[in-house]
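*Asks:* Please build the complex by placing chains Z, G and R with the ligands on the supplied structure of chain W, with the hints as guidance.
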Amino acid sequence: MSLKASSREIGGVTVIDLDGRITLGDGSALLRDLIHENLDHGRKKLLLNLAGVSYLDSTGLGELVSGYRYAKSQGGELKLLNLSKKVSDLLQITKLYAVFDIHNDETQAVMSF
Amino acid sequence: MSLKASSREIGGVTVIDLDGRITLGDGSALLRDLIHENLDHGRKKLLLNLAGVSYLDSTGLGELVSGYRYAKSQGGELKLLNLSKKVSDLLQITKLYAVFDIHNDETQAVMSF
Amino acid sequence: MSSKPQRVEVVLETLLDSIALAEEVGVRLAEAAGFGEDDQYKIGLAVHEGVMNAFQYGNEQKREKKIHVIFELAHDKMVIHVTDQGTGFRLEDVPDPCKDENMLVDSGRGVLLMKAFMDEFSVLAGQGGGAEVIMAKRYRAPAGSPAM
Amino acid sequence: MSSKPQRVEVVLETLLDSIALAEEVGVRLAEAAGFGEDDQYKIGLAVHEGVMNAFQYGNEQKREKKIHVIFELAHDKMVIHVTDQGTGFRLEDVPDPCKDENMLVDSGRGVLLMKAFMDEFSVLAGQGGGAEVIMAKRYRAPAGSPAM
Ligand SMILES: Nc1ncnc2c1ncn2[C@@H]1O[C@H](COP(=O)(O)OP(=O)(O)O)[C@@H](O)[C@H]1O
Ligand SMILES: Nc1ncnc2c1ncn2[C@@H]1O[C@H](COP(=O)(O)OP(=O)(O)O)[C@@H](O)[C@H]1O
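Chains as they are written, first to last, in the working numbering: chain W, 3 to 115; chain Z, 3 to 115; chain G, 281 to 428; chain R, 281 to 428.
Looking at chain W on its own, in the form it has when it is part of the complex (with noise of 0.2 Å):
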């Protein structure tokens, strides 16, 4: 079970749907390519939606994290959408918790930006 991708655009905000395992191998490339495909496209407000992101590792970590940086660089936002609760453990274990701007609720998330 890989990692499926959807995006969809919503007042200005790109919002990208994953679904599957994001790890080495098995997603992580995927996520890179999208991230830096809809920033150099001109698309800078980026809501990842990983309500069905089941399974993430360090490798999936680190990419979230070049992805925030990358957005930033290039004048852009990152910003998260629905966390399970495996995933959120894993983003409050190595305190990237407090660098992302989480959100549960996808209007509130769009309008944030």
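Treat the hints as calculated values from the structure; they're not laboratory data.
There's no promise every hint is true.
Straight-line alpha carbon distances no greater than 27 Å define the calculated BS3-like cross-link-like pairs of lysine-lysine that follow [claimed, not checked]: (1) K88(Z) with K357(G); (2) K357(R) with K345(G); (3) K417(G) with K87(Z); (4) K6(W) with K46(W); (5) K6(Z) with K74(Z); (6) K379(R) with K97(W); (7) K88(W) with K342(R); (8) K87(Z) with K395(G); (9) K74(W) with K379(R).
*Replies:* Coordinates of chains Z, G and R with the ligands only, in the frame set by chain W:
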């Protein structure tokens, strides 16, 4: 997932519904006990309903044969009902298909005793 | 990108649970090798029977003896070695359970199933004197395509 | 009847798929040891991170190098050894990814997760000079009963 078994009486025949795996350490001992218990209590017409048995190893096959033999030795009979494709293939390969009286219809199976 | 393991070795104790564990690893690797579900099941059952024999006959249920399972994904087939620390056996000495006089004995069907479910099957004397069962299943070439 | 494997050894090639395979065996054995689902996941992820590091840093993705994983079910804990054929590393040299200046680097979180998810974590020099990561998780005693 080990073996579950329950028994019913229909027209003097004891139908034993089996569900799960019959392998060494995972069902084969239970099956033997069940067959012996019934025969030792005078229930001599045994119909094993294998509809729920998805996996059988050579120990399970040996247990069927040994039950068949024990039934005969007690003046009883052991027949088989509702073989899955996998179980049916195993009986074909081992030529046991020709040894057992095998049925697909419960009513007909009960009447065949 | 081919990231299929070419060789996985598993060393197990002589315990009931080792049978299912080896089987699961076998199914997992058969899947990685591209075998369909039916072949995965057959490979799994062959591993199950091979390890069960190592458990029962080879190592005689002595927990501290080891069962050594090697899975190899060769270019044309998956090869499985099951080696125990018993005293070995010869295939010629195994009675044919399909012969009329053996039809009703409880045992003798493990070797038969391994032979039926795999394309190759042989028994050698392992390095330590135990049995080494070697079995292989060829990859199925999808119709009209060259063998993988 | 206790039929839990006490020790399972797995030898893997340096391949992506070996990470998931080792993880699956780890989860399977954690389950056999009686760990609940949450602990099974944590043990699995720790194995994943350990083998991933052996794959990337230790064996530098050189396929022919081996990754050696040993699972031991001791009486009070599950112990896991991951050994590679690299040049080893020292825990003191791993930067703390939670420090402010490291918060935004991509890497350094594998060791952190292994430490967080397991009860014990250490790194030794393996026999061949590579890293040997040793981690352990204690069995949880059900409330009111003696430890298993
Ligand atoms: N690993 C082994 N070591 C020693 N003897 C073995 C081994 N595997 C099989 N055998 C011998 O071969 C016989 C046939 O084995 P098998 O076909 O698996 O049937 P079963 O296990 O039902 O007896 C066994 O009864 C045993 O004598
Ligand atoms: N098996 C290993 N062999 C050599 N060095 C290692 C090994 N495992 C970890 N390291 C070193 O420890 C560092 C931290 O690893 P880790 O916390 O897993 O984070 P990451 O993998 O994200 O860099 C690595 O960058 C590497 O330098």
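*Asks:* With reference to the structure, classify each hint as holding or not holding.
*Replies:* Against the structure, the hints:
For the proposed pair K88(Z) and K357(G), the alpha carbon gap of about 23 Å is at most 27 Å, so the pair holds. With a CA separation close to 22 Å, the supplied pair K357(R) and K345(G) stays within the 27 Å bound. The hinted pair formed by K417(G) and K87(Z) meets the criterion: a straight-line CA distance of about 21 Å does not exceed 27 Å. For a cut-off of 27 Å, the pair hint linking K6(W) to K46(W) stands: about 21 Å separates their Cα positions.
The straight-line distance between the Cα atoms of K6(Z) and K74(Z) is roughly 25 Å, inside the 27 Å bound, and the hint therefore holds. Straight-line distance between C-alpha atoms of K379(R) and K97(W) comes to about 9 Å, which keeps the hinted pair within the 27 Å bound. A distance of roughly 32 Å separates the Cα atoms of K88(W) and K342(R); the hinted pair therefore is violated under the 27 Å criterion. Between the alpha carbons of K87(Z) and K395(G) the distance comes to roughly 19 Å, so the proposed pair stays at or under 27 Å and holds.
Taking the CA atoms of K74(W) and K379(R), the gap is near 20 Å; set against the 27 Å cutoff, the hint holds.
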